[in-house]
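Undergrad: Each chain is listed here by its residues.
Protein chains: 4
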Amino acid sequence: MPRAAAALQTVLDEITEIARASENRGKVADYIPELAGVNPDQFAIAVARPGQPPLVAGDVDVPFSIQSVSKVFMLALALGKLGDRLWSRVGREPSGLSFDSMLLLELEKGYPRNPFINAGAIVTTDAVLQGSIPREALGALLRFIRAAAGDEAIHINERVAQSEIATGHRNFALAHYLSSHENLKNAPDLTLGTYFHQCAVEMTCAQLANAGLFLVGGAGAPRLVSEARIRRINALMMTCGHYDGSGDYAFRVGLPGKSGVGGGILSIVPGIASIAVWSPGLNHYGNSKLGTEAMERLASRTGWSVFGPDTRQTDG
Amino acid sequence: MPRAAAALQTVLDEITEIARASENRGKVADYIPELAGVNPDQFAIAVARPGQPPLVAGDVDVPFSIQSVSKVFMLALALGKLGDRLWSRVGREPSGLSFDSMLLLELEKGYPRNPFINAGAIVTTDAVLQGSIPREALGALLRFIRAAAGDEAIHINERVAQSEIATGHRNFALAHYLSSHENLKNAPDLTLGTYFHQCAVEMTCAQLANAGLFLVGGAGAPRLVSEARIRRINALMMTCGHYDGSGDYAFRVGLPGKSGVGGGILSIVPGIASIAVWSPGLNHYGNSKLGTEAMERLASRTGWSVFGPDTRQTDG
Amino acid sequence: MPRAAAALQTVLDEITEIARASENRGKVADYIPELAGVNPDQFAIAVARPGQPPLVAGDVDVPFSIQSVSKVFMLALALGKLGDRLWSRVGREPSGLSFDSMLLLELEKGYPRNPFINAGAIVTTDAVLQGSIPREALGALLRFIRAAAGDEAIHINERVAQSEIATGHRNFALAHYLSSHENLKNAPDLTLGTYFHQCAVEMTCAQLANAGLFLVGGAGAPRLVSEARIRRINALMMTCGHYDGSGDYAFRVGLPGKSGVGGGILSIVPGIASIAVWSPGLNHYGNSKLGTEAMERLASRTGWSVFGPDTRQTDG
Amino acid sequence: MPRAAAALQTVLDEITEIARASENRGKVADYIPELAGVNPDQFAIAVARPGQPPLVAGDVDVPFSIQSVSKVFMLALALGKLGDRLWSRVGREPSGLSFDSMLLLELEKGYPRNPFINAGAIVTTDAVLQGSIPREALGALLRFIRAAAGDEAIHINERVAQSEIATGHRNFALAHYLSSHENLKNAPDLTLGTYFHQCAVEMTCAQLANAGLFLVGGAGAPRLVSEARIRRINALMMTCGHYDGSGDYAFRVGLPGKSGVGGGILSIVPGIASIAVWSPGLNHYGNSKLGTEAMERLASRTGWSVFGPDTRQTDG
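Chains as they are written, first to last, in my numbering: chain V, 886 to 1201; chain D, 886 to 1201; chain E, 886 to 1201; chain U, 886 to 1201.
These are calculated hints, taken from the structure and not from any lab test. Computed from a prediction, not measured in an experiment: that's the story for all the values here. Among the clues, some could well be false.
Identical chains share a label here; the pair holds if one copy fits it or two copies do between them.
[Said to hold, decoys possible] When the alpha-carbon atoms are kept at most 30 Å apart in a straight line, the in silico DSBU-like pairs for lysine-lysine are as follows:
| hint | residue 1 | residue 2 |
| --- | --- | --- |
| 1 | 912 | 966 |
| 2 | 912 | 1070 |
| 3 | 912 | 994 |
| 4 | 966 | 994 |
Could you put together the complete structure from these sequences and hints?
TA: Next comes the structure, spelled out in structure tokens:
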């Protein structure tokens, strides 16, 4: 292992140790019954850099439900299919409200603020689904993720998907509301079926970090979307990726990121690395509590931040 | 002039030419009578890099009212005075609503979303003012800006300040509302008097670009605040600096920025440059229309973006 | 015909003539396909007084879809079943917003403002349905309405119900949102199926006026609920019966009333009469335009108003 | 004393006894310093009927600050001055939100929902003030109230007015917000000065009940406004007179009423009586807690309700 990698590995090990010793671990999402039973003591972190094996620490072999992190991949697919026409159906602004809020959706007549709150992600999924069937759309998503991660083993957990279909009343409310404004092109049940399956993709931290490499850009990174699109997706992750905690994440971590209620976070250091962290307990925004703290610690230790002068000089 | 600087000058000249030829120039803010008469045909841009003379193009000798761009400097002062205690009085999240909205302020009981919407900036000013008098607080602000810009000529336009005092009912409404939640420590009239004067600071584009150098960081940049604070202020500019158009600015330009209704925008390329652009016509968010377009063009031509891999390699 | 009845008949005939000549007839509800084709030129009015045959004028033989007027009858059933426990699930305050708004429902965590906006009516229906099946609940509703009207011919239009089931996305959104707050006890589809059928009850104006007699009270009126409950239901009709146009209706007409998007309005003169009016075109609140105008004219001509001193002296 | 009056007196005495024994008395408004010190143990009730001396019970000699009850009298003056033109500046719908909310005022661009929430009352006062000076407008108000009550001793408590001027930040916020939408015609400070003085009118319960007689109508009642206007003012009191507790008051009491944070309530039985009740402790809507309970008890004992058949038959 080269010296820089060894130093970074030490940082990851220390971060993992601190996380494991942490007493206040947040609260596991309990509104998806299938996820409510996940052991909150788990923690894992992985850093992938183009052309190098990922560095990992913690419970690295445990796959977790990526949930809303999947919205990043579906957005990439939707932009590939529709290009800028997508923005006629969903906006690019932080909502300032919780991920399943209906308030702004009503004030703005069914035009969701961005593709990372639930309403916007349902529209994004609907756009990818249009003209095909759920199995095809989900197949395209899995192909994209597997190609990005370089790992054909990534799959969807059917029980988690069914669990959400049975209990996801808030998402059904959002989908029907979108339909009432004619901002869904498929039947709500079809779009939601696809959406719930997309959220049920499972990965380990190493797989997720690898899958995020396509957003790092630069030499050696997988080239699945254009450089211009990389920047734009990263921009959306920065301003909208953590719901009404996005400003706080930008303030504390300084990197684009997308969280999921399964406890996973994907964060990008443009030109340098893709980072995945996972711990099931959530803070009051619905983002991983220890995951956010670990990312803050990693950013501080490595100097990785898009907002300071030394981001690129410090390479771990 | 070195080759890189010459190339960048060419880009600035081209951008200025395009802006000058633009027919749809937006709408000059008319609710501040003293600003309503500004000639909308004007345009200027300046790029300052540590240790180099600023490059400029357009109406570079015309001072303009920086208005809300002043919130960046007052925030730096407030953080210097209070540190993290400031966050007990104002948040760090995008509001998703217009700069003078009272809706969220009511739902969140007088705790403004961030220091860059009006309510949050009034609280920030109130924090700097506390324990002193308006003249002292404004003196501290001018000293800070003059030190940052290296220019003792920067001043406050008293007529613009008085014009706002006479007509700024929306800001009076915000200040009294904050007072009703005991989130102002001074009398509303005192805090607002200070606030309106702070907004009435006038600069040319070159002065403003120079004044922003303290947020660039790295070798040769003025060191007025710590590296950690630079990152945090830049993060806030990214997520909140353009009101409910912040997401769009991040998406299109990819740089931290702060706009003012006078038509000025200050944007930072961490480690590289501070950019000021000015054109009085505003888009529907209340941000300079041609200014935003010019910034998008400049980012595209130079590759400057915090969200892509090539930010630092391309130096103009 | 006694003299008072003859005078009232003359008033009804004049009102009908004015309505028929009216050019601005409002807009027929087009979001329920089966109702969109109703001829907007129709108008009818009926006044029922305890112990007397109803007086009618206009298109008195045409049955229309009573839609939300049904909420009055379902509320009476729910109060009969649950008594004051109903108020733990739905409030008694005007919402100040449109009948299908989700904004307040979100701010108030799934507790609808009153039983006459859609969300509150869905909860009311859910309460009546609980412990039985839709056919039984609808059977109970029809029995109640038929008993009140003294007319066994009143029925449900199945095509209208199916039309709403197919297109009522806003109501599906409300029902799922209520479920997400555990304020529905049955599956949303079951409750909504019942709700849409209840709204599809059809009556002529004379049938509806007769059915409303149970809210008139006093000697000779059908006694289906207690005097105390009559007052309370009338109070709710006054403050909430016309959605965000309730204040205007109280101001102009001065009588408790409940409207439906089918163009029907039921209004009560306590102790004196039950009035039904129907015209399909709606005003911007979603209440019958000509129906409201006719009620205002009738109240003015008869002196019927609960807010003035001469209500009871003038008996037509 | 005639038999009916004696029976009613007995009811008032019993109600007063129950109120005096009540342990949970609500919370005295503490945001107006001058009112915060009022003794919460006080209670009084008075019933005035046209042509008869008022019946009273409790602390009948203690004058109290009528606060928002004054909005009824100012509305009568404004309608007398402007007629229906008033409605171009203020609505007639319940707001569904608290008396000093800014949320709807923002959504509806400075057009207050009704004349009884603070924003609407400030507009009403502004309309009466326009073209004159505060002393004249307040003089007209006092003349109106004194004429209605038949009592020249009614006056304004200057210390209460000054206390509100010093601390009424929420009302200053509302007034400036209205100004920003050009819905105030006078300077905010002038209109608010008038408004705070109007709220500081002091009366005993007997004076207030007498002053309300002009809304009773019918034979023997003072005729200060037309019968049509009586009905309309009573309608507004019914739907909007108790803020976001208006629906509850209509449901429980069944009479038009207007409350003030001084703990007073004025309620009208059309054609029969004007009732004033006072107890300083407030419920969570900001309406007198014991006052509301007393009104509910009185309505129940007398059968007075506009929503039931026996209102006029039972005359105490």
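Undergrad: Take the hints in turn and mark each one as holding or not.
TA: Hints versus structure:
1. 912 / 966: neither (37 Å within a copy, 35 Å between copies)
2. 912 / 1070: Close across copies (27 Å), not inside one copy (36 Å); limit 30 Å.
3. 912 / 994: between (33 Å within a copy, 21 Å between copies)
4. 966 / 994: Intra 25 Å, inter 38 Å, cutoff 30 Å: intra-copy only.
The earlier numbered hint that this structure contradicts is number 1, and it is the only one.
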